[in-house]
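A.B. asks: Sequence:
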Amino acid sequence: TSIRTPTCATPFSLVYGSEAVLPLEVQIPSLRVSLREFVSDEDYHQNHLAQLELLDEQRLNALEHHQVCLERVKRAYNKHLQHRDFKIGDL
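Using the working numbering, the final residue of the sequence shown is 91, and nothing's skipped along the way.
Please keep in mind that the hints were generated in silico from the structure rather than gathered at the bench. All the pointers check out, no bait thrown in.
Here are the in silico distance ranges between beta carbons for each label pair:
#, residue 1, residue 2, range
1, F86, Y16, 47 to 53 Å
2, R72, Q27, 40 to 46 Å
3, I88, L52, 56 to 62 Å
4, N78, S30, 44 to 50 Å
Since the structure is predicted, the reported quantities are computational estimates derived from the model, not experimental observations. The C-beta atom is built at its ideal place from N, Cα and C for all residues, glycine as well.
All chains should be built: construct the whole structure from the sequences, respecting the hints.
C.D. replies: Here you go:
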């Protein structure tokens with residue numbers, strides 16, 4: 001899952017509140033998977049709850065970024081738009 005420009009976040013993180021862990025990272029531990037072993041279960045769960053509490057804020061930020069991107073696309077499209085007046089019988 002890659003970061004999308006309009007939302008500045010990955011779709012996975014907007015749904016689940018954390019980044020996806022690839023199966024390869026479990027087989028060959030990456031830094032973030034290795035660090036999990038040194039954190040107590042209580043600290044891990046508290047950290048995860050804190051991330052979930054921030055999830056609504058992240059979603060609102062993603063929505064704002066998306067709306068800004070839509071406005072930018074709209075302005076670029078309307079810049080080249082030509083106004084045309086049609087009258088009855090022009091066909």
